[in-house]
Each structure stands twice: as structure tokens, then as C-alpha cells.
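If you're matching them up, the sequences are chains Z and E in order.
Just so we're aligned, residue 0 is where the first sequence starts under numbering that gives the first Met the number 0, counting upward by one.
Just so we're aligned, residue 0 is where the second sequence starts under numbering that gives the first Met the number 0, counting upward by one.
Please keep in mind that the hints were generated in silico from the structure rather than gathered at the bench.
Beta carbons: idealized from backbone N, C-alpha and C, even for Gly.
Do not rely on the hints blindly, as some may be mistaken.
[Stated by the list, open to error] Below, simulated BS3-like cross-link-like pairs (lysine-lysine); rule was C-alpha separation at most 25 Å, straight line:
no.	chain 1	residue 1	chain 2	residue 2
1	E	202	E	220
2	E	52	Z	152
3	E	213	Z	52
4	E	202	Z	152
[Claimed, not checked] Facing chain E, from chain Z, some residues (calculated, C-beta under 10 Å):
no.	residue
5	10
6	52
7	56
8	57
9	76
10	79
11	82
12	109
13	143
14	165
15	167
16	189
[Stated by the list, open to error] Partial selection, computed: residues in chain E whose CB lies under 7 Å from chain Z:
no.	residue
17	7
18	51
19	55
20	79
21	81
22	82
23	83
24	85
25	109
26	178
Each chain, written out:
Number of protein chains: 2
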Amino acid sequence: MPERLSGVLDVSVDNVIFGFDENILKVLVIERKPFPDEKKGMSAIPGDLVYPKESLDGAAARVLKDLTSLEGLFLKQFHTFGDPNRVKDLKDQEWLTNFRINPERRVITIAYYSLIKMDEYQLLPSYFAEKADWVDVLEVPDLAFDHNEIVSKALEALRHGLEVDQIGFELLPEKFTLTQLQNLYEIILDKKFDKRNFRKNIKKMEHVIPLNEKQEGVLHKPAQLFKFEKDV
Amino acid sequence: MPERLSGVLDVSVDNVIFGFDENILKVLVIERKPFPDEKKGMSAIPGDLVYPKESLDGAAARVLKDLTSLEGLFLKQFHTFGDPNRVKDLKDQEWLTNFRINPERRVITIAYYSLIKMDEYQLLPSYFAEKADWVDVLEVPDLAFDHNEIVSKALEALRHGLEVDQIGFELLPEKFTLTQLQNLYEIILDKKFDKRNFRKNIKKMEHVIPLNEKQEGVLHKPAQLFKFEKDV
DNA sequence: ACAAAAGTGTTGGAGATACACCCATGA
DNA sequence: TCATGGGTGTATCTCCAACACTTTTGT
Numbered sequence: 000m001p002e003r004l005s006g007v008l009d010v011s012v013d014n015v016i017f018g019f020d021e022n023i024l025k026v027l028v029i030e031r032k033p034f035p036d037e038k039k040g041m042s043a044i045p046g047d048l049v050y051p052k053e054s055l056d057g058a059a060a061r062v063l064k065d066l067t068s069l070e071g072l073f074l075k076q077f078h079t080f081g082d083p084n085r086v087k088d089l090k091d092q093e094w095l096t097n098f099r100i101n102p103e104r105r106v107i108t109i110a111y112y113s114l115i116k117m118d119e120y121q122l123l124p125s126y127f128a129e130k131a132d133w134v135d136v137l138e139v140p141d142l143a144f145d146h147n148e149i150v151s152k153a154l155e156a157l158r159h160g161l162e163v164d165q166i167g168f169e170l171l172p173e174k175f176t177l178t179q180l181q182n183l184y185e186i187i188l189d190k191k192f193d194k195r196n197f198r199k200n201i202k203k204m205e206h207v208i209p210l211n212e213k214q215e216g217v218l219h220k221p222a223q224l225f226k227f228e229k230d231v
Numbered sequence: 000m001p002e003r004l005s006g007v008l009d010v011s012v013d014n015v016i017f018g019f020d021e022n023i024l025k026v027l028v029i030e031r032k033p034f035p036d037e038k039k040g041m042s043a044i045p046g047d048l049v050y051p052k053e054s055l056d057g058a059a060a061r062v063l064k065d066l067t068s069l070e071g072l073f074l075k076q077f078h079t080f081g082d083p084n085r086v087k088d089l090k091d092q093e094w095l096t097n098f099r100i101n102p103e104r105r106v107i108t109i110a111y112y113s114l115i116k117m118d119e120y121q122l123l124p125s126y127f128a129e130k131a132d133w134v135d136v137l138e139v140p141d142l143a144f145d146h147n148e149i150v151s152k153a154l155e156a157l158r159h160g161l162e163v164d165q166i167g168f169e170l171l172p173e174k175f176t177l178t179q180l181q182n183l184y185e186i187i188l189d190k191k192f193d194k195r196n197f198r199k200n201i202k203k204m205e206h207v208i209p210l211n212e213k214q215e216g217v218l219h220k221p222a223q224l225f226k227f228e229k230d231v
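The task is simple: from the sequences and hints, build the whole structure.
Below, the structure written as C-alpha cells:
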């Protein structure tokens, strides 16, 4: 029988953070602090090792808060990645050598995705990220470890959540127009909707509430604003 | 900053194994080997620590094979459980003390569910299970750790898979009748279907293929048999 | 001939889809 | 007054739900 794994691996959480801005679905990518001989830190998804007394959801929320200073955001575990060869790239190995106590140790990571309203926060530098950038989800660069795979599975999970759990409002500002909402659906699901039919469906949703306010400063007929009310 | 978790936890997989028999959805529950002062081993879901070089899917498949000697079964990761207080029951702590090298160590577990055709296999005693039993999913006894929660989440995942991915055939014999199939859907989804409408829907599925065979030995009109063909 | 489950079509209603024009605003 | 996106209703079609009787076999 092969030796059992006992205390020879690390557990992390990684967090694919989605934002929606000007009709582009974006993902938050951090640039890791470079190790001494490295010119430029590699890009990655934010994540960290789990603390000894911390729940997994708690660790994911902490990573999110360190980076955005926001709490209470939508956060969902969607898959755990634990391939024994997750770290095959040489640069990743070097980085681990510089920043982890046990760099050779196998790491499994529990992946979450979260949704943030991009107008509501400022990115912060955090102790694990040199800087953070939003990138178009269709143009994600090469990322560390298996993070590209994680992003693509997160996107699938997001699509699913949008269709079945109507989580799209988490990505919009407090007050939004129906056109913004429709754009969000079209971009995430990569599908066109008929404007009139789309609006008919939205008007069936009881938790989408029209406000007595209109857009301002636009050079066309201003749109009615709506808000999303949880727990009707 | 709290100390980071590095090598102070274990990772396991747990596997909720579903079978379908005579119109009952069953779950495989093992009785753990009792520790020295214990009369009767506690019941649990099969699982094991992950080996150092083994993928997570591989570990789940291994647990399944040890118990059933079957390979290639349907197997799906559905959630990772990592509450720091997963092991709160005294008996669970004692059991760990007797069977784990580092019993006090926090364990996170990646949960899978799998589907087996109950007529195709024999349960085997395995090194981690004194014996294994099928229990009605509606009458699952108290299980070790957080295994009751794991079973109930597995059932949700199964329902979802049945509705969206048509995985139900994995639970039926190679040759089955439409009534068996309908029973399976009704029991898992806890919902009644109209016989004619149900059959209309099934006949739209290209991978459900009628055979030139009928039931035998039944004391009523024998039903047409069908098979399920993957990858049409 | 009887008991038991198998097998089979039609209709009405709800919900989805397709489609085109007028409106309010700022420049 | 023009350019820009906002906003609205109806006809058709497709899909789903409801519903009951005849058939085949073994005893």
C-alpha cells in the first residue's frame, strides 16, 4: 500500500473575482511580488494558504477582503483542484521557493468565484499582490500554476449561477438600467436576447424594483433606473 | 497575522455511492472497524486520505474500487468540506486516535458522489470498512463526522445531475424498461410524472435505444427493454 | 376469465419567440 | 432638427400538462 498522505501537503483557496464594467466582463488578476532574480512578477488569481483555524469560506472571504476591503460579497465555492502536478512550470517553482516555507509541498486549492460591483470599491495592494488589474475575461493572459483552467471553470460556474440563481445583480451598481442588465446577460451567456421579451421576463421578477429616478447626463432619452431587492 | 497553515492538515476524499434497487434509492454506508474499546464500529461514508502522488479523482476512484472492485463508474466531485470543527463528536475523535497517525490534525475532505448499477457487483470488505450496507437514502442513520451533511448535499447534486445531465442511466441495469426509468426519476426527484408524457420525452432522447427484447418471467404484459448508448 | 402492468393520442393553455415603430433628451 | 438609445404590444408557434382506454401475458 502506498504511504498515506499525512501532513505533507498544503491547502489554499483561490478566488476568481468577476466584475462588470462598460459591457466587459472582467477578472481580477494580480501580479505576484517578483522573487529576487525575477524582473516582473507573474500574473495569477488571488489566493492564499488557509489558516489553521479558519473555515474555507472564511479564507476565501479574507483573500477577497485583503484585496478589496469589501465584505459580504457574493462568494461561491465551485471546484477543488488537486492534481499532483499542478506546479509544473519552472517559474512557479521558483516563486514557491522564495515565498513558501515548504515550496516542494503539494498544494491543493479550493476555488471560489466572487462577484463585485466595480463602482463600489478600490483595489488595494495586498501583502500577496504587487498590484491588481482587471482584465477582459476573453483576454486573460498566461497565469501561474493551473490558474487559467481555474478561471475557465469559474466562468462556467458563473454562467450556471446566472441562469439558475439570478446572481447577475451582484455585478451591477445599486441602481441600474434594464439595458445594462441585458448587456450583462448577453455578454456572460454569449447569447443575444430580444429587448422586449427580455424586459417582459425581468418584469416578472418581484425583486427587481423600479425607482423614481432616471439616468442623468446621457445624450439620449434617459433610462429608468431599477434596484435589486434581496429576500422579498 | 495568524500563522499560515503549512503541513498541519490532512486531505481526504469521501464518496457517497448511490444505487437504485427495487424502487429505492440507496446509499452505501460502511461500518468502520471498531477501535479496541468500541462494541460496534460507527457508520460512515467510505473515504480515505489521499496518497501523496495521487490525483483527487484518482483517490475517489480508488476508494470506490476497493469497495466494489469496479472501475470506470460515474464519479463526480461536488463539494469540499473543511470546517475546522468537522470532528466534534467524541467517538470520532477516539476513532481517529486509533486509526490515524495524526489524529488531532484538521482534515478537509473533497466529496464525490458515484453511481453504480446494483446488479453488477458485489460489495467487498475493504481495509477501511468492516462491512458495507446499502441503506435507503430516506433512512440514513447517524453517521460519523459531518457525513450526514455530505450525504444530503450529494443528494442535491444527484438531483441536479439527473435533471441537467441525464445521469440516471448509470443507476439502471444495462437493459431496462421505461417504467423502471420513470420510477427512478420519480423517486430521486420526489415528483410524479405522467406516463405518456414521460415516454414522449424519453423517446426524444437519441441515446435511449429500444432492443428487440422483452421482459421475461413477469406475470403481466412484458415490457419492452431499452439500453442507454453513450456518445451517440 | 381475471389480474396486473404495458402501451398509446389528442386537446387546450401557457409560455416563448418574432417583429417595428414612436419617444425623450442633449447637442 | 438630428442623433442616440429608451421604451412599448400583438400574433404565432412550440412545448407542456391533462386525461382513459385497450393490449398482452401468466395463472
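Which numbered hints does this structure break?
-> When the structure is compared with the hints, numbers 3, 4, 13, 14, 15, 16, 24, 26 turn out to be violated.
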